[in-house]
Amino acid sequence: MTGLVELRAALGENGWLDDALAKITSDPAAVGALFPAAGRRCGREPVAPGWTADEVARALLLSAAPGEAETLYRYGDADEKRAVLKALPLIPATGETVSLLHDALRTNDTRLVAAALGPAARQLDAATWRQGVLKCVFMGIPLTAVDGLPDRADAVLAEMLGAFAEERKAAGRDVPADAQELLEQLKGA
Amino acid sequence: MRIFDPHIHMTSRTTDDYERMAAAGVRAVVEPAFWLGQPRTGPESFTDYFDSLIGWEPFRASQFGIRHHATIALNPKEANDRRCRPVLDLLPRYLAKDGVVAVGEIGYDSMTADEDEVFAAQLALAIEHDLPALVHTPHRDKARGTERSIAVVRESGIDPGRVVLDHLNELTVAPALDAGLWAGFSIYPDTKMSPDRMVKILSEYGLDRVLVNSAADWGRSDPLLTLRTAEEMRAGGFTEDDVDRVLWRNPVEFFSQSGRLDLSGEERVDVAETGATFAGNSILRGGS
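In order, the protein sequence lines correspond to chains Z and S.
Read left to right, the first sequence gives residues 3 to 191 (my numbering).
Read left to right, the second sequence gives residues 115 to 402 (my numbering).
For the record, the hints were derived by calculation from the structure and aren't laboratory data.
It is possible that some hints are incorrect.
A few chain S positions that, by computed beta-carbon distances, are all more than 10 Å from chain Z [as the list claims (entries may be wrong)]:
(1) Arg116
(2) Ser126
(3) Asp130
(4) Ile168
(5) Phe173
(6) Gly179
(7) Asn194
(8) Pro206
(9) Ser317
(10) Glu318
(11) Gly351
(12) Gly373
Pairwise CB distance ranges (calculated) [claimed, not checked]:
(13) S:Asp230 to Z:Arg170: 23 to 31 Å
(14) Z:Ala172 to S:Arg254: 52 to 60 Å
(15) S:Ala137 to Z:Arg170: 55 to 63 Å
(16) S:Ser317 to Z:Ala179: 26 to 34 Å
(17) S:Glu261 to Z:Leu6: 50 to 58 Å
(18) S:Glu158 to Z:Thr109: 12 to 20 Å
For clarity, every value in this text was computed on a predicted model and none was experimentally measured.
Each residue gets a CB set at the ideal place from its N, CA and C atoms; glycine is no exception.
My request is simple: use the sequences and hints to build the entire structure.
Right, here's the structure in full:
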């Protein structure tokens, strides 16, 4: 996984971000007003595999005020929430951040569900994680979004996917190719 | 053709509406925060609502290829309930968001002292956050309410070119335009304004600083009345470029003043299709 140092290098020089980080270092609560502006100030184009400029900027801002993660998520728009979820594995864990993943998994926003099943999903217990994987299948989120899927997929997930495939077949509907492939791999294992 | 509906409450509409709107050419909407049918009793109902306007609703719209932005405010009716007043303190958080392109709907409902105070406070927030303002004019006692709104806008010190006075009619359009404000018209099935009346107003007052919206919400309303107005304009002798100006370039011009209107992609397509640009520019993200 890409670390904060590599991400910062990928973003390149940005005076606004340097100033923002300095402000947050002396006053962590200042991140509240700076976090929403990151897209307007740093752009939104892809800068590293799986990362856009605003997400990188927000990960860096959050790393300077890790105690603000819950507040930033609570009051964030969808892009800010997604940035918090993606940054969680890169910052020193403080507080009950697993509840943010639970919140994201309750939404019907594909961007948030996918982010909750990225590297941050290591915090999730097995039952919640399996439900999340199945939710991806239902929502049409490609299973490539699920971090560490081959290692973590187990017999219980295979059973759930098998039952899902049966339901789809009974209804005369297709089973998404990636779900079918995973099911076959798990059965063969 | 392309349509930008600068005032529509999509929260109250179904996916069928989104499909019909997309098919009719609606590619961008602005959803102002307003009252719901059921009065709210505390700030937390508002934060969930505001979160939806900058989270769930833009996501829903995007599934139909429609760009969704919002305006955020404590509306005039609920400004009268003291239990909702703490909403004012929560607004700065929301006014900092990318998807928020104005403060609104603010203004008057019953023209009470509470409404005076909350209206003025939110115009000050618009100035502070460098955002335009969307002002609702009252349905009861409209002419006097419009005059009073213009006076409050003038007193606030905000640039009148950054304020739209909405739900205007034949009697309130002149004072708004004369004061340098934008004039908004809500085309309704049989109340506020109709397509044929709108065309007469456009013929009389011209196309400058005019916004046409459906203001469709949870009441009897129709998200396609923007399209019906376009048809009525053509029947009334207006050109395709006139239609594009009223139903696309004007709202783009007004909300671009926020520096946050994000129509990247859309504008490129339309330059290719129609040769039209707004002030020679395509409207991209950012601006700060």
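Here's how the hints hold up against the structure:
1. Arg116: Check passes; 23 Å lies beyond 10 Å.
2. Ser126: The claim holds: S:Ser126 sits with its nearest Cβ about 18 Å from chain Z, beyond 10 Å.
3. Asp130: At roughly 18 Å from the nearest Cβ of chain Z, S:Asp130 sits farther out than 10 Å, so the non-interface label holds.
4. Ile168: The assertion about S:Ile168 is violated, with a minimum of 4 Å to chain Z.
5. Phe173: For S:Phe173, whose nearest Cβ neighbour in chain Z is about 5 Å away, the distance does not exceed 10 Å, so it is violated.
6. Gly179: 16 Å, holds
7. Asn194: With a cut-off of 10 Å, S:Asn194 remains clear of chain Z, as the shortest Cβ separation is near 26 Å.
8. Pro206: 8 Å, violated
9. Ser317: 40 Å, holds
10. Glu318: Fine: 40 Å to the nearest Cβ keeps S:Glu318 off the interface.
11. Gly351: S:Gly351 clear of chain Z: closest Cβ-Cβ about 42 Å, beyond 10 Å.
12. Gly373: 7 Å, violated
13. S:Asp230 to Z:Arg170: 23 to 31 Å: 60 Å, violated
14. Z:Ala172 to S:Arg254: 52 to 60 Å: 58 Å, holds
15. S:Ala137 to Z:Arg170: 55 to 63 Å: 30 Å, violated
16. S:Ser317 to Z:Ala179: 26 to 34 Å: 58 Å, violated
17. S:Glu261 to Z:Leu6: 50 to 58 Å: 57 Å, holds
18. S:Glu158 to Z:Thr109: 12 to 20 Å: At roughly 18 Å between Cβ atoms, Z:Thr109 and S:Glu158 fall inside 12 to 20 Å, so the hint holds.
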